Amino acid sequence: DAGVTQSPTHLIKTRGQQVTLRCSPKSGHDTVSWYQQALGQGPQFIFQYYEEEERQRGNFPDRFSGHQFPNYSSELNVNALLLGDSALYLCASGRGQPYGYTFGSGTRLTVV
Amino acid sequence: SQQGEEDPQALSIQEGENATMNCSYKTSINNLQWYRQNSGRGLVHLILIRSNEREKHSGRLRVTLDTSKKSSSLLITASRAADTASYFCATRRGFQKLVFGTGTRLLVSP
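Chains as they are written, first to last, in our numbering: chain A, 749 to 860; chain B, 55 to 164.
Extracted from the complex, chain A is given alone in its bound form (with noise of 0.2 angstroms):
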């Protein structure tokens, strides 16, 4: 049964660029959150999906967007990158609750 999985797994991209990762949840799960986790800091909640809706945000810029597909995959999309975007990006399923949260091995963001 695979977990949580995304892509790519390492992206370099120039100031002012677009960018978009994406999630695949683990089987059965319905929900999707984002994380940015900045080097040696804990991750931050960016903003999670649920039925192909943005349920909840963290205090991130409209720059950072995103999308749940009907089977319920995931997008993250990030404009006018700044440096300060560079990060590791995690994605997190779900099924209804929070504990119990399955992580992807995350994709590392650096912005030049």
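One or more hints might be untrue.
Facing chain B, according to a computed beta carbon distance under 10 angstroms, are these residues of chain A, among others [what the hints assert, rightly or not]:
| # | residue |
| --- | --- |
| 1 | L787 |
| 2 | G788 |
| 3 | F793 |
| 4 | F812 |
| 5 | L838 |
| 6 | F851 |
| 7 | G854 |
Here are the in silico distance ranges between beta carbons for each label pair [what the hints assert, rightly or not]:
| # | chain 1 | residue 1 | chain 2 | residue 2 | range |
| --- | --- | --- | --- | --- | --- |
| 8 | B | A132 | A | D778 | 35 to 43 angstroms |
| 9 | A | G764 | B | R104 | 42 to 50 angstroms |
| 10 | B | A132 | A | G764 | 46 to 54 angstroms |
| 11 | B | A132 | A | R803 | 40 to 48 angstroms |
| 12 | B | A132 | A | S813 | 29 to 37 angstroms |
| 13 | A | N819 | B | N72 | 40 to 48 angstroms |
| 14 | B | R95 | A | I760 | 16 to 24 angstroms |
| 15 | A | R763 | B | N72 | 18 to 26 angstroms |
| 16 | B | G70 | A | R805 | 43 to 51 angstroms |
| 17 | B | N106 | A | G764 | 49 to 57 angstroms |
| 18 | B | H111 | A | L831 | 43 to 51 angstroms |
| 19 | A | S813 | B | G70 | 43 to 51 angstroms |
| 20 | A | P818 | B | A64 | 12 to 20 angstroms |
Pairs of lysine to aspartate or glutamate residues, derived as DMTMM-like cross-links and limited to a Cα-Cα distance of at most 20 angstroms, are as follows [what the hints assert, rightly or not]:
| # | chain 1 | residue 1 | chain 2 | residue 2 |
| --- | --- | --- | --- | --- |
| 21 | B | K151 | A | E801 |
| 22 | B | K151 | A | E802 |
| 23 | A | K774 | A | D810 |
| 24 | B | K151 | A | D778 |
| 25 | B | K124 | B | E59 |
| 26 | B | K123 | A | E801 |
No lab work stands behind these hints: they were computed from the structure. Being a predicted model, the structure only gives us computed values, none of them experimental. Heads up, the beta-carbon is just placed ideally off N, CA and C, and yes, glycines get one too.
With chain A held as given, fit chain B onto it using these hints.
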């Protein structure tokens, strides 16, 4: 912003020793969770303790919760080199948002 902080920020011990890390949080909670992260990759859920529980065990893990002090501790007994990782506590805010602490980096030397 982070919900709270783990203490210590870094911990270095020998195999066989016990490792204790602490977590403080700021708001009332329904439960508190501990996660482990190897080498900056994905997080693995270790254990959840509910607000009406004071202590919980899982294998070599022992978690305590003191809601009056808004603090929790994670004890790893008989540490192994494979326990080397970062450990985070997390609390739930709102619908399903997890708020993580700053983490403790544990190094277990053979």
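inquiry  = Of the numbered hints stated earlier in the document, which are not met by this structure?
reply    = 4, 12, 15, 20, 23, 26
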